[in-house]
Amino acid sequence: MTVLKSREAILAGAILCLLLIIATRFSGFVAPNNLIAVFTDTSPLMILAVGQMAVILSRCIDLSVAANLALTGMVCAMINVAAPDLPVAVILVVSLIMGAALGAINGILVWKLSIPPIVVTLGTMTIFRGIIFLLTEGKWINAHEMSPIFTGFPRTSVLGMPVLGWIAIVVAGVMIVVMARTTLGRSIYAVGGNPHAAVYTGINVGKTQFAAFVISGMLAGLTGYLWVARYSVAYVDIAGGFELDVVAACVIGGVSIAGGAGTVVGTLLGALFLGVVKNALPVVDISPFWQLAISGAAIIIAVAFNAQSGRSKGRVILKSAEHAQ
Amino acid sequence: MRTALAPNERRALSGPCDGDAQMTHHTPDGTSDLGHAPILSLDNITKTFPGVKALDGVELHLYPGEVTALVGENGAGKSTVVKTLTGIYQPDGGQILLDGRPVHFPTPQDAADAGVTAIHQETVLFDELTVAENVFIGHAPKTHLGLIDTKAMHTKTTEILTSIGAKIDAGEKLKDLGIASRHLVAIARALSVEARVVIMDEPTAALSQTEIEELYDLVATLKAQGKAILFISHKFDEIFRIADRYTVFRDGQFIGVGKMTDIQEADLVQMMVGRAVDQLFPKRHADIGDEVLKVVGYSHPTEFEDINFSLHKGEILGFYGLVGAGRSEFMQSLIGITRPSKGAVRVDGKVRIIRSPADAIKSGIVYVPEDRGRQGTILDMPIFQNVTLPSLTRTSRQGFIQLAEEFALAREYTERLDLRAASLDTNVGALSGGNQQKVVIAKWLATQPKVIILDEPTKGIDIGSKAAVHDFMSELAAQGLSVIMVSSEIPEILGMSDRVIVMREGRMAAELERDDLSPETLVRHAVGISVKGEAA
Amino acid sequence: MSLTDNAPRQIPDRLRSPLQARLVSWESLLLAVAIAIFIVNSMASPYFLNAWNLSDATFNFTEKAMIAFAMALLIISGEIDLSVAAIIALASTAMGVAMEMGAGTPVLVLVGLGTGLLCGAFNGALVTRLGLPSIVVTIGTMSLFRGISYIVLGDEAFRGYPSSFAWFGQGYVFWVISVEFVIFVVLALIFGVLLHKTNFGRMVYATGNNATGALFSGVRVDRVKMILFLLTGLMSGLAAVCLTSRLGSTRPSIASGMELEVVTMVVLGGVNILGGSGSIPGVVIAAFVMGLVTFGLGLLNVPGIVMSIFIGLLLIGVIALPRLWGMWRKKAD
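Residue numbers (my numbering), protein chains in the order written: chain S, 1 to 325; chain W, 1001 to 1536; chain P, 2001 to 2333.
The reader is advised that the hints may include incorrect statements.
Claimed, not checked - One-sided and incomplete, this derived list gives chain S residues near chain W with beta-carbon spacing under 10 Å:
| no. | residue |
| --- | --- |
| 1 | 181 |
| 2 | 183 |
| 3 | 189 |
| 4 | 194 |
| 5 | 198 |
| 6 | 202 |
| 7 | 206 |
| 8 | 318 |
Quick caveat, the hints were computed from the structure, so don't treat them as lab data.
We treat Cβ as the ideally placed atom computed from N, Cα and C, and that holds for glycine.
Only chain S is shown next, with the shape it has when bound in the complex:
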């Protein structure tokens, strides 16, 4: 039984407990429809978190995801305003490509110039938001300017769940396969776990980190369109500060900030935990202003827990101690 497996079990248990406690007082919260609504509401966080996970696993961090989301979302909205008849499929492709391109900017700076990822993404985070302002001069794009197909797509219900939720499931499925069963996925773990050794096994560390940034950017771009369409509004500050929720979901999900350790399932559970808390607060009549403090506390508790379980123990030399353990 590895620590990470137990971490996932603990998280799943914690989410179930949370649901049970809420259910004893507000049974409506655990009604299937409401659970689907909570899942759908958490979908953007889940999509971004699995992308961020790839980046953190490779020993980097991407603080520009929310800004990427806002910029790509704005561009999608502007395209829709300019060409309302463009099919959603084209918009989706544009959002993926543009997000990937923005992620590639981060990646290239980390790969080719070896600039620390935190510096790169702090910088691009402000630059991306600034560019939105340059594009729009600070104006909003509102619901009535967007076409109904554009805004309706993520809300379309398929088999009782909105498309947004299904997209999260597809992204999760694809990422599980990518991380577990492709050379890139295993390389990301190898690079984060031991970059030095990765070089010896023929893995290009910088290129792998670049790929992780592209994945993260691509998913941020996709979420950009979905976000703008779902809330039917685009402006400079959408999803402001959301990058912290994304990092929080990863940390709570057991992704080690030192790289190399963490799973897609854990990350999804981390995001769901935050999602359940956020959606439960108004139900149990706690001011939504509590949410920020709660996710902050959750990050600290989770990272302390990560450190405790992952602490490298000294070598066990004594035979007696070996048996005792």
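Guided by the hints, dock chains W and P onto chain S, whose structure is given.
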């Protein structure tokens, strides 16, 4: 007092001397007298780094079914050769020949594809990946969809592990394995590719005696399969035991090749250092005085138990044991890096509570760690700042730095050790290994300690500097300092110690006086009597 | 082999004089940039070379620079504190609560500084006692501290600070020399001496270069880091006092995003984000550069968010350009 490190070292580093020409048995056309052609050859390879010519026209030939030992001091260019052969470095000049045809290895993958594989301390170390993934990373079997075929990977890994007699579950994560098992995984990786050339870089450095024996068996197996093996080691006994041929480098230059059967150990040493090394362990007599340090019942929950000894003025106390016997762990606990669960320390009869290295320094106990780059020095800081770091209170007034006093203190001790450096504000990282070690020792002597603990003081140091360190250790003892020397090298323990404590599995296995010392007794106590026949 | 092995027996203290080293440094380059910006600004806008305008301009950086000094030491030691802006929010909120309870100016200042110190202690304890990575810890406390402000304030604001409290953010010591600017200068001197002239400063560098090596050399690494977190918290508390005094009100969104500008200032000042090197004079010049850029663009009516593009580009540019230059030179050879 000055000690004479310089003449030895200078000679060691000077150009080829007369003896070299006749030692060279190398045949220019690269073919061996056994009549078969080498699989892989390096021809006139040059590699330059800023300011350093790491390889200067070297050659190397690796023959099928034979073990070639690459011999040379630190800085001779051995690791550069390994990196060139495995595609990590690109040579500036010369050719790599595979089956007589020139090849290029622009990336490590290309070297692996050509059948060149290396077993290195750092080759396989992905804690979060499974054993099978560690073995097959970079060349995993794929399904027709292009995904990694986990099932096939596990089956193949299990086959390889079984073939080398390792009982390891292919699905287990690497972090759950011990050191010896990890090493077997590294070997399994080398066997997983269709390797024709296997490079072993210091493969026995972290292994216990029994594990080393298993490794030798494996080398024999690989030889029988017709693979060419490049074996890099500092240990002469194992070179003479398993190698068929030798190649000697010195200062990045090719010195000579030949068959092991044609050469004596002393001649090989002479080729390595460019001179004869007759006296490696110049132990001088020192008067042993009063008790300085007494350790009573020192224990740790998992690392060591019930360590008791006393140390006297002018004494050199050796600590012998296998790697992983708990010697370094005990020493680091003694200076406050880890906390003991029970036990007491007395310095000059007074009980001292040591919770951190800072406390240890105050009590007069200092520790020269084995890991020089990480624990011993701060590589990116100047020499003088490294030397004064533990003595800052003495070179400052009310916490304010006095640069002149700092330079004076640093100068006094570095000159005493005859340090070679461009200036005192040169970063330590720019010095050679031997000179870095001098900075570390100067740093600790500047604190005017009572007890100095030297953990593997000559590991990774060239033979010339080794003798100088031994000489200096003797002199310190003669001046009244008490020395604890942790060493895994039997000749060093035998040559230097007044008294020896042998540790086994975290406990004191024996305490031996100088007159009772012999290689056999040391090994017997270190491995335990039950495996006496195998180890001795 | 390295060249040093044939060096003379007498080892000189230095090869280059300290003055020489200083002339060819990041700080000199930065100073040249600052002067250039100053000249460009004075030519671009007729309002630039005015004592009162320039004095106003210093408010663009004095509060950030107070934190940046402590942050510089913290980053040199190999840690980082991303919660500084959130500490300002919490300290400001605590002062607001104290004010509502009728506290006078001295108590308000003590509450502000004390809250900052407590927040720093909390960060420091999590990092040094539990051994957690500071970047995640302070991302967590960044949410936690500001979150507490939101819990207390919601969408309300504290107003009505006593008039004597306004002295810190709005007062002038002499002519155009503001109280904040004097605090900035005094702190620059204190931190400069602390980092460059004391044993403690030396231990900060040693810790940042190689924490394990420093520990083995007798440096109490955890104590050094704890003190630096406390200092960073205290400086954030001081910045909260000045900012609250200058704005005259507290909202939970106060100083939001300021951590980014503080880190930018430190990195622009030549501090290695990975720890081990950097200087206080560099940070001081970086503060002026950022202040001048912001002020100059402001005079040209460039909106704030566009200025942040410049800050972002500056942050990446100052690290990227020397590396690009190095790569280009390598290719040219």
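Hint check:
no.	hint	result
1	181	holds (4 Å)
2	183	holds (7 Å)
3	189	holds (6 Å)
4	194	holds (5 Å)
5	198	holds (8 Å)
6	202	holds (4 Å)
7	206	violated (13 Å)
8	318	holds (4 Å)
Going down the numbered hints, you'll see the structure goes against just number 7.
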